[in-house]
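All chains, please: the whole structure from these sequences, using the hints.
There are 4 protein chains.
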Amino acid sequence: MTTAKPLRVGMVGYAFMGAAHSHAWRTAPRFFDLPLQPQLTAVAGRNADGVRAAADKLGWESVESDWRRLIERDDIDLIDICTPGNTHAEIAIAALEAGKHVLCEKPLANSVEEAERMTLAAETAAKNGVLSMCGFSYRRTPALALARRFVDQGRLGEIRHVRAQYLQDWLTDANAPMTWRLDKEQSGSGSLGDIGAHSIDAAQWVTGLNISGVSALLETFVQERPLAGDLVGLGGHGDLSSDAPRGKVTVDDAAIFSARFDGGTSAGAVGVFEATRYALGRKNAMRLEVNGTKGSLAFDFEDMNALSFYDAADSPDAGFRKIFVTEPEHPYVGNWWPTGHGLGYEHGFTHQVVDLVTAIGEARQPEPSFADALQVQRVLAAVESSAANSSQWQKV
Amino acid sequence: MTTAKPLRVGMVGYAFMGAAHSHAWRTAPRFFDLPLQPQLTAVAGRNADGVRAAADKLGWESVESDWRRLIERDDIDLIDICTPGNTHAEIAIAALEAGKHVLCEKPLANSVEEAERMTLAAETAAKNGVLSMCGFSYRRTPALALARRFVDQGRLGEIRHVRAQYLQDWLTDANAPMTWRLDKEQSGSGSLGDIGAHSIDAAQWVTGLNISGVSALLETFVQERPLAGDLVGLGGHGDLSSDAPRGKVTVDDAAIFSARFDGGTSAGAVGVFEATRYALGRKNAMRLEVNGTKGSLAFDFEDMNALSFYDAADSPDAGFRKIFVTEPEHPYVGNWWPTGHGLGYEHGFTHQVVDLVTAIGEARQPEPSFADALQVQRVLAAVESSAANSSQWQKV
Amino acid sequence: MTTAKPLRVGMVGYAFMGAAHSHAWRTAPRFFDLPLQPQLTAVAGRNADGVRAAADKLGWESVESDWRRLIERDDIDLIDICTPGNTHAEIAIAALEAGKHVLCEKPLANSVEEAERMTLAAETAAKNGVLSMCGFSYRRTPALALARRFVDQGRLGEIRHVRAQYLQDWLTDANAPMTWRLDKEQSGSGSLGDIGAHSIDAAQWVTGLNISGVSALLETFVQERPLAGDLVGLGGHGDLSSDAPRGKVTVDDAAIFSARFDGGTSAGAVGVFEATRYALGRKNAMRLEVNGTKGSLAFDFEDMNALSFYDAADSPDAGFRKIFVTEPEHPYVGNWWPTGHGLGYEHGFTHQVVDLVTAIGEARQPEPSFADALQVQRVLAAVESSAANSSQWQKV
Amino acid sequence: MTTAKPLRVGMVGYAFMGAAHSHAWRTAPRFFDLPLQPQLTAVAGRNADGVRAAADKLGWESVESDWRRLIERDDIDLIDICTPGNTHAEIAIAALEAGKHVLCEKPLANSVEEAERMTLAAETAAKNGVLSMCGFSYRRTPALALARRFVDQGRLGEIRHVRAQYLQDWLTDANAPMTWRLDKEQSGSGSLGDIGAHSIDAAQWVTGLNISGVSALLETFVQERPLAGDLVGLGGHGDLSSDAPRGKVTVDDAAIFSARFDGGTSAGAVGVFEATRYALGRKNAMRLEVNGTKGSLAFDFEDMNALSFYDAADSPDAGFRKIFVTEPEHPYVGNWWPTGHGLGYEHGFTHQVVDLVTAIGEARQPEPSFADALQVQRVLAAVESSAANSSQWQKV
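Chains as they are written, first to last, in the UniProt record's numbering: chain H, 1 to 396; chain S, 1 to 396; chain X, 1 to 396; chain R, 1 to 396.
I should point out that these hints are in silico values taken from the structure, not numbers from a laboratory. Treat the hints loosely; a few may be bogus.
[As the list claims (entries may be wrong)] Cut-off 25 Å, straight-line C-alpha distance, at most; resulting in silico cross-link-like pairs (SDA-like, lysine to any residue): (1) Lys294(X) with Gly247(R); (2) Lys57(S) with Arg69(X); (3) Lys57(X) with Arg69(X); (4) Lys294(S) with Asp300(H); (5) Lys395(X) with Asn47(R); (6) Lys294(X) with Ala228(R); (7) Lys248(R) with Asn389(R).
Right, here's the structure in full:
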């Protein structure tokens, strides 16, 4: 470990995602052999006290109150962007142009146009060996990585159905406070971009198919919510008095869409997607089911260490096989604990660091690239377009 | 039991549904106190040998080879229609006009126009005390009846989401044979009318809300299938040689649609529906999830004796409560076995007979009426219309 | 159906078990082709009004107020014994000696001595073609029959562990009323014989191994309970006032024992058994798990249509496969509904009739024989003996 | 964080447990506010290269090749013992006598005699403010901590049943290699002490009851296993050739026992325990079910973020409520991620560090104390004694 060349990281933002990324940077080299040794060199944030406290708590060596300073520093090799979506394009493009590798949280941007510029910057930078990746961390859940392996191995046959739900419930209470995630200016969209984007990426990645068209419906159940301080943070647990001043919710509360994959002919797979924060009782139910002609897969992040697999070859004694994805042969898990000792939410971020650092060490493009994330962005845009147009079919 | 006035039943059709209905007519009076005593007076079918064998096996006293004869008989009080959808209108209207009560399998008809005529006939007949009901038997599953009770009691609060899937897999194999269920002429539609209709009825009935508009996608994955004999029967298990003559599949294999309930304003509940026979590994997964502001419900017919209920009032120690619906206080089950002894598929039909005979005995309209079933038919038509029109929103 | 020779049945007792058996006699010939046609000829019970009402409700042609009269009748071919255990020996032996086939509810008797006399009578009668069977109906659950098939096929390899629980909760309330099931004189034992006997039979039958020794603990949590009328019926739901007169509970509330199978060497399989009516929330959790060197099985009657099967050959992608036991190739189910349409509690009794009538029609010994049931009785006795002797190991 | 006084840790052993403990020491202060700041000062191990590599990988500042040196060092405040059980007593007593706090892995020792000496040393040291704790880390699983809270709150009423299983399968293959865990000299016992001890501690801690007597059966299915190198490491995944030299397995493969709690009168709760490494398909199924007169609890470590709770007050609509233990109000989890984002196996060790450091900071006895662990040791000894004595009841 000590002999590896350092990879000096500068992180922008230090809220929920910043904490998860920090843990990943600290932990990855303790369990995996990496070609470069991550160093938590600096963290940037506008609030000087806040960033200083975060640096202490999360283990960063120094702080900056402006992300631009981070990019200017010579002792930073990689910029890790953990801020709201409206800032991604500016930071990422500046970092790439300054020759810094970039890890950017999802969704890549708040618009296709921004995502296109970012992708262009990424592709230009890549020619000089400067690499970039978008943080669709659910790909690094061992069970979903195993799902993709099964598809790659042909164990599902031809794919017919994709059924993807991302269900949360933290907005069910109409008096849960307004947060930046409900402000279109900052977040780009609501459940669609925040959690639906994960479903889109996971569905496309696991199946190896791209969504070619959609028909969509967006809904905002609660139009105004009580304002609580600075609109920063995940929120969701507070319940303010009903006479607090209220802010307008400018994003979707729920997104529903049907999809076709890869060209949209009648021979193709069809999908149903749903993202909401009003599915009372579902806390983080990021679910994916794929039905093929030879096999089926089902996953629910609320039971994240398991993958259900149905193999038609087992008929008539077939049944969904609940695979506890903790065997040394399974993706990632061999580096952790013995069989049967499950992982948690943050391990996806650690694996993301592993994959990113490994790719940088081997000077190859990490996945998902900005171009991959741009495709997701285009699906998000198509969903919004269809929803605004009486659900009419919208090509991606 | 012996002192109750008889209710003399004539059944048309004797395949899968005929067997289920026969069992129900025989069994209902053994476990429930009915105001009228069902008698299995006659069964009608075109094939003389077949109907005779069925009568013996299923317990019918006499046979007819023409359903018209059944209607002409004085010793028949009720006509039970268990034939494909294209025959429903003619039989039901004739029966009602002849003063016979009618139980008609779902979907009510193959078109809205037929369903409207049937509803008109039903309403006219009702003025003379001749009653009719459509056979959406899933309503009689104790767990779904309990779900409705919970909604009625206000335990869910305002409803936000409905999520309804009806997943089967018996057509996954592209060489599974052609059956009447895949022929639009006979069946009206495919997965949409056969199983999706159950989801629509259950969703509307449990929530007490009507679907007001839809955006839909229909798909036929396999366009031609090997012909196997007379196209009668459920099929699905055979696997014919690939050089058998093939028939054209003229119905949908899968139906997907989003919906709004009750008026379609943005304040209303939204729904996602999916019906397919290609969800490999799902055998009869008729699932319904409802999320409200106070509680949520989840049901899967593959575990039909359980209802999952989430009560937000239990927070922070809330969780989906898996209610084993076998308590004497639960709908229907007190008449069967002690707590904990589950029921099976056919009990829904027995309960349907109980409800129908009780309503007739009390001279009141049984539910679901033909008018209720017409509403489902209108949703089916709207789905087909939207699907044919680039998924554009279609009011019901 | 109509051409088969009749099998004229006389049933003794008409409570819970009587209702289940009546349904089975009525229903079996409607779904299965039987070599003999069951006829519900007569039912016997001491209470004249009660037995008359039961006959009407359950479909019996005539009544007797003394079981001895039933045995004397020439028009009865088979005696079906549905009374408490203390009456089994006398009725069964008399019936067998009178040349009547016998179906006797479990446990076979209230003592090994009675069971031995019954077995002797059965073996003597069998020489004259008079057959007998004990009603361990859980064997007829399709999922458990499939479990046995898997063991027979060698899919489990060498068996290491058996884990059997039968958990109910209807006595949790200390004021639930006294019933005949809590009176040792009538019932022989408590949870041990009532439900534990099912676990013992199922474990031995599925594994093909016999229990060779046990170490046991019996417990009675509530020593006295309010008296409610005639002490007949399952009880368990009433909650009498605390000043009602109380009767002494003379049986075990819970039975726990460890076991060795087949000879008791250290190389053999070991088992853990638990039967209780105080497992709050478990309504009819008759569970069986078997671990072998090649595969494992798990079953829970609360989800009775499923069998979980783990095949080590699937490693490293192995997982418990939840088989929905509704395929036509599975035991019994091909005669019922299409794939995916589950069965209920009473189907086990119907299948029991099918197997019994088929064996009688083919003039061969039905299973489980009285000798098989005697082995279970010996295990019950060993459990009681060990429990009375400081849990010391007791050979069977 | 930086202002807290340091707590300088010296760890002995660096295999599976050493890695888990290291992660916990590194991570705890990043997510929790601790009164002392843990420092990974030194790690000791006999193999100089091995310990050096481990120190680099796991983040320890220095190394020692003899644990005695660790104890002699002035810059060490706490000794963390992660070695096999036969070394615990010597190290722990020496450390305590040297004034070092001690965290000792479970089981506390390989015999009651050792455990008694350790407890005496702990109690003596405590008078001087030197504290000690035994590492029953499963107590720190949020779901189990919530279970204990429910019992404390009286939500279960009087406890009737405890049902504890710890099922693994890594020895099912008779050719899995010999390891130190199968050598009585090093490990003290087999499944009993390794995993059964966790069940005993969890059952006693959650219920607040002590086991007062047991009846037990121990079994060794495979008497000899191929030798693989140094007998160090968890093993279990290799499969050596059948002609490798073989070592004798001197511990139990499976342990089964029944128990009474708190005095052993017939009014007390009863328990069933099972620990095995031959339950094919069960990877780390540490399960606990508790049935009381008012409520029941069920937990399975294979789904470690969930606790099932049945509240009889919900009748007749009661059901096991699957609580996703990720709410901020739940034990420990508020310091991690938002609701719905589950934790993994290693979090228990992190919470253990939190509780230990907090207790040391507050100068109070951490739990479980050595005295608590001695009670578990006495249960282990009683189990072995009963098993050696024909399962006869053995008081603890």
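Consistency of the hints with the structure:
no. : hint                     : result
1   : Lys294(X) with Gly247(R) : holds, 24 Å
2   : Lys57(S) with Arg69(X)   : violated, 32 Å
3   : Lys57(X) with Arg69(X)   : holds, 21 Å
4   : Lys294(S) with Asp300(H) : holds, 23 Å
5   : Lys395(X) with Asn47(R)  : violated, 51 Å
6   : Lys294(X) with Ala228(R) : holds, 23 Å
7   : Lys248(R) with Asn389(R) : holds, 23 Å
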